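Colleague: The lines below spell out each chain.
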Amino acid sequence: MKTIKSILLIFTICITTTLFDACKKVEPSTAIDEKEALSNEADISTATIGTYAVLRNPEYVRSGHFLMEYPGDNIAQGQPSSDDLSRCYRYTQIATGAHATAFWSQAYHLIVGANKIIAAIPDNASADLKQLKGENIYLRTMVEFNLVRIFGRPYPQGNGNNPGVPLLNENSTDTAPARSTVKQVYDSVIADLLKAADLMTVAKSNIYASKEVAYALLSRVYLYMNDNANAIKYADLVINSGRYTLLQGGAYSGYFSGVPEDNTETIFCIRYTKTQDEGFSAIGSMYYSGLGPDGTAPITTPGGQGNTGWGEIYASKTYVEDLDKYPSDLRHSFIAPYTIDGVLQMNKKLTPNTPMYYITKYSFQEGIVTLSSPVYLRLAEMYLNKAEANAKLGNAQLALNDVNVIRTRAGIPMLTLADIAGGNVLGAVLEERRLEFAFEGQRAYDLFRNNLPLVRNYPGTHSLNNTPNTNTLQTILPTDPRVVFYIPQVEIDNNPKLTQNP
Amino acid sequence: MNKFYRRQVVLTTLLLMFSIMAIAQVRVTGVVKDTDGQPMPAVTVAIKGTTNAVSTSVDGKFSISAPADGVLTFSFIGYNTKEVNVDGKTSIDVVLSSSMKQLNEVVVVGYTSKQVSQLSSSVSVINGDRLRDVTSNDVVSLLQGKAPGVVVSSASGDPTSVSSILIRGAASISASTSPLFVVDGNIGGTYNASDVESVTVLKDAAATGLYGSRAANGVIIITTKSGKAGVTKIDVSSTVGFNTKTTGNFHLMDSQQLYDYQKTFYNPDPSVLKNNTNWFNLAFRRALTQNHTIAVSGGSDKTQYYISGNYYNEQGTLIDNNNRNYNFRTNVITKLNSKLKLSVLLNTIYTQQTYPTDNLLYDAYLNLPFDPAFNPDGTPTDGRTYPGWLGRDNENPLQGLQYNFSNSRSLSTNGDLNLDYTITKHLSFATYNRITLYNDKYVTYYDARTKSGGANSGELYNTNDYSSRILTSNRLKYDNSFGNHNLTLLAVGEGEKNHYDVNRLNGKGLPPGRTAMSTATDIISNPSGGTDEYNFSKYLGQVDYNYAGKYFFVGSYVHEYSSRFGSNNPSGNFFQAGASWILTKEDFMANIKPITFLKLRASYGTTGNAEIGNYAALGLYTIDQSASYGGVPGAYPSQKANPDLTWEKIKTANIGLDFGLFNRIDVNLDVYQKTSSALLFQKPLPATSGYSYVFENVGSIRNRGVEINITSKNLVGAFKWETNFNIALNRNKVISLEAGESVVSPGAAHPIAVGHDMNDWYLPIWAGVNPANGDPQWEKLVTDASGKTTTVLTNSYTEAAASKQYTGTSASPKFTGGITNTFSYNRFSLSTFFNFVCGNKVYNDSRFYFDNDGLYESYNAMVPASGWTRWQKPGDIATEPKAVLGGNHDSNSQSSRYLENGSYLRLRNVTLGYQLPQNFLDGIKVRSARIFISGDNLVTFTKFSGVDPEVDLSSGTSSFKYPISRKLLFGINVGF
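Going down the list, the protein sequences come from chains V and Z.
180 is the number that numbering that gives the first Met the number 0 gives to position 181 of the first sequence; each next residue is one higher, with no gaps.
208 is the number that numbering that gives the first Met the number 0 gives to position 209 of the second sequence; each next residue is one higher, with no gaps.
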């Protein structure tokens, strides 16, 4: 009986302990309570890192790449696909398109997160905190700028008097605002970049924002507005700061395969580390597949589709023909034709067949086939921004000087005024921009903001829009409604103040 | 007197003398009572072999003169007739038991055991043998079609997958709709199909009451077997059989058919016809199923035991897919002394599973018949390097399957330690304690020589996770009777703690064929892992009263706390009440002979649901690796806070009628209404709020329905035939949402809108094919200046997507049920079991890939279903648009085009069994032996054009389905 009594006693103690334990609160192990997320400087620094990390989310960077690069004429899609990226390429977008929906969603999540941090830092804080405030303002602004050029019409059309995207700042209380006009967004972007440049005094590495990064983006924004004087002013501020130098020769050929922080030409890129490779979901996997034809060669040898990547999107035939005008052009190192025994392979899924010119700008970082840290701003653009602004101001020789800096670096002969047909210096600048910034998400904007049509006359799935679909010509005028993407239908469903694009 | 008369008198006197001397008569008196202890009037007490009979009086008493060596029979309609030898006794008291088997069954209902006849609630009981007609290791799938209102749907024929179960319709949007599982008296626990004695499904508030706080979706109580005193039994059973895949009405094209189809929109080279690979057949096989159990049970009055071991091995019909289970259970119940009873229930289950890799199922559907699977030397071709490979994914899964694998092993251990202590005759205390530990390891390997592993020179992934649960439930019970009044009071205090942790790591750069993590030379991504915890604690009280076994009343109150809810409202309060009346025990019913049993019951109460994520109420910044940048840890906002988040509540009202006719037909009829309020759901937010959704308690959903269960003994002679038919109708409607909103997810295929069924389809409406040009057409709503809306046709999907409408159909079935017929003659028995689902529409998502009018020339296509025609020239009236390379105006985008009738009737099981003759068995010292042959899923009647109309009914979508198996099994059950 005594044994039983003591057993019962032990029992009762165990039961009571469990009952009390069961009333405890629990906390997740991989997340922190938002009330503790911004309470001191270290927290703010951590949260700022988190804002950068949102850029790395494929729904931002990969979907964004499809939205910004695929409408251009430097690439060709070699076979039909049901993935929404196909519609981005063919100009057949729909309001329920997956990539526009994903990009919009991540972009605004980043903006709201950055605003929370900006609101937590007063304007008279310490230099380090002001630097972080500036970085968050820069990130918010960069994303707003991307949004307005994807969903809003080019600034020169109607002088910005067209529907843009909703603007949010750290004082916003409306979580479902209406669309501001393109002009209002551009004005806000410029004001924010100037403020950010003021606040940022630390010269951080090129994977973070700093004063010159804001100036570089300002140069681009002013150029898009046709404010040529300011475009030149800010490009000069970046060039003359001495922080960046153009890569030359072999270093330039291997631009995208080194460690990003060691690259002296990159002004801002989105850093992926070696353990953050996205594999078949990476931007580069659409552009390249390695391991050679039988799957046993190194990853740097182009191989059949599906070996290391999808390999469905190639450099367009006309782009390669332009590049081939000078076989010594170093920019050939960013194109890797898929050949077997010296014979260029063709993707036979379309008629006419598409030549398989793989693209390597998003591959081989630190030796990993699909790893890349997408570059958003680099020094070469400052020169070409100046060139374009000068060309529009009538300073033909000044424009050519900057074009020649780029051409010399690429190892091709310089241009003189006499070489330019019809005195169309702007045309020469735009052509150099095309060759230099191919696959970096700029081409379609460069054409439409200069009121030029996009003309594709090369094999690619855009021919499927035609009857017969062996006709490879596609012309998109700058006034075409599909030059901008539809506002995602799910956002319109959840925010009735948003109006849809026609 | 004449001579005749004198002879009569002498003979009669002699006869009387002899009869008195030869057969001694006894006057026997006694009382006849029923199993409730109530006296039974009007019972016929007869002397066997004669017509002498009397009836018992109103207080059950009788008095009869019977031969001292005679036999008395006691009979009453609806009760088992009893025979008692007189043996010279003058006083015989008899207890008659009801012959309604189902009324006698004792079921465990909320911390107590009761006979079904005493319950005020809606309950279905399925005992072990009826459960195990179908062969599966997943008890949930065994419940399909066996109880009205219980709808089991299996989205896959994969033996490692589990079925989903819905009781009385879905009452929740974002929280789980799965019922609560209770094993052997406590929430949670583990069990194996071979050890299950019975399954009780509790459906209304009074039944689920005591689990009330978490029983909004119903409760399934599983009771495992236990030994019986005095009888030592050894039972061995073995089943072996074969499974093959079923593909319904769906057929993929072969080379010739695909070539002919592609010629209409593309220019395939005729050389593609040289191969005709049937990928679907290559990916599937005839698979083997085995199920072996040995169980020993027995005991004495003091101790009873049940020990069993089970081995279950089911191969999947998809190659390389397997589920192997080893189960061991020991149930020991012993009386330590006259007041203390100890039960120890231990269960260990070790599972090994292998899963298909290399996109095997996906490639089986989509690979082209033009591509060969094997080289001339018999080795699998490699889709990446085979010259002229046409399939889009450049993948031959058989090549990867030579080297790649994905498998897991898990061990779960469950121990119950229960003590019942009788304090006084009326007061008892019980403490039921459970600990469950679970551990598993997953390994996935992709070899460097294959497509899946080539880019990284080999990939290896390991995941290890562990979970533990400790639960204690302590009950105080007071039981007393005052005359005809019987009262039970119950108080319970319960607490539960749960812990989970996981870690994951991976490696790449492995030498071909090497699968140890140490041979990897680098990592693919950073190691990850974390922990999760949640707790519940609860207090409740119950009052249970009955008068004379005729009138029953039960009421209870439950208060429960959960760590999952916001700091403002972490606890919920619930109450339940039920009452019932057994009419056949009333005097006025005694003479209505056809009605052998009649009971009316009603219940009302509230139950709750807490099945959302563990931290849904908190506002969070995530600090995991997705928030790191440049190698530095970061944090970004990941979840919006809601400190008011609390329990979902459901009010259920149920009225039921149970009656038996002619002692041959039992009918249960239930009418119910359950209304959920304060629903937990993820309300979508505009992206400009910084979040995609927030968890809130909003809105109200109502489910109403009728359930009927009929068991009928049609023939009871030498040839027996019994039918069980059950059917349920459930109608779902969203009653209100928060803040005057009318829709939860505007634009979604299931928008969940006020006034509609939760699963109503909302899609662009397909309007057929334009006869002039073969374009697809959808409806577009145009509103003119005066507000009038007209419908026009458009071939632009963007316009169609902006004009979505309710199709008037839903993914919820109109009615569901099952029919079982059991025939037996002599020692043979045959049972057939059909289940049916009717009135739902299924979205056949695989048609996006197979019926897309030329979008893909590098994927296979389906053979058009009967009645489908393709547009070819102007003027054609056709069902399928013109085939155009690259797709025809996005014709395969989501719309009512792919919405199909999902109704079906399936012959789920046929079993033919033979019981070996007793005298033969006695000769070999065997207690019982039965052999049987059974077939599962033999025939399905449906119009659905896909592989299988059975889908997870909450999504209503059929995609690349792993087809269910048709099984043919042979088995033997032997008892010693």
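It should be emphasised that the hints constitute simulated quantities derived from the structure, not laboratory data.
Predicted model only: the values in this text are computed from it and were never measured.
Idealized CB from N, CA, C, for every residue including glycine.
Heads up, a few of these hints could be off.
[Unchecked claim] List of simulated lysine to aspartate or glutamate pairs, EDC-like, C-alpha gap at most 16 Å:
#1 Lys24/V to Glu196/Z
#2 Lys639/Z to Glu33/V
#3 Lys682/Z to Glu33/V
[To be verified] Listed below are several chain Z residues computed to face chain V (Cβ distance under 8 Å; list not exhaustive):
#4 Gly377
#5 Gly382
#6 Asp392
#7 Glu394
#8 Tyr460
#9 Thr462
#10 Asn473
#11 Thr530
#12 Tyr620
#13 Ser741
#14 Gly746
#15 Leu780
#16 Asp783
#17 Ala784
[Unchecked claim] Quick list of simulated restraints, FRET-style, between CB atoms:
#18 Gly528/Z to Val342/V: 30 to 38 Å
#19 Thr350/V to Ala747/Z: 34 to 42 Å
#20 Lys301/Z to Lys4/V: 26 to 34 Å
#21 Thr16/V to Thr514/Z: 37 to 45 Å
#22 Gly229/Z to Ile12/V: 34 to 42 Å
#23 Gly529/Z to Ala118/V: 25 to 33 Å
#24 Thr16/V to Gly528/Z: 35 to 43 Å
#25 Lys872/Z to Asn456/V: 30 to 38 Å
#26 Pro336/V to Gly529/Z: 43 to 51 Å
#27 Lys4/V to Thr329/Z: 24 to 32 Å
#28 Asn158/V to Ser270/Z: 54 to 62 Å
#29 Ile12/V to Gly528/Z: 31 to 39 Å
#30 Ala747/Z to Pro336/V: 42 to 50 Å
Colleague: Broken hints, numbered, in rising order?
Modeller: Hints 1, 3, 4, 8, 9, 13, 15, 16, 17, 18, 20, 24 not satisfied by this model.
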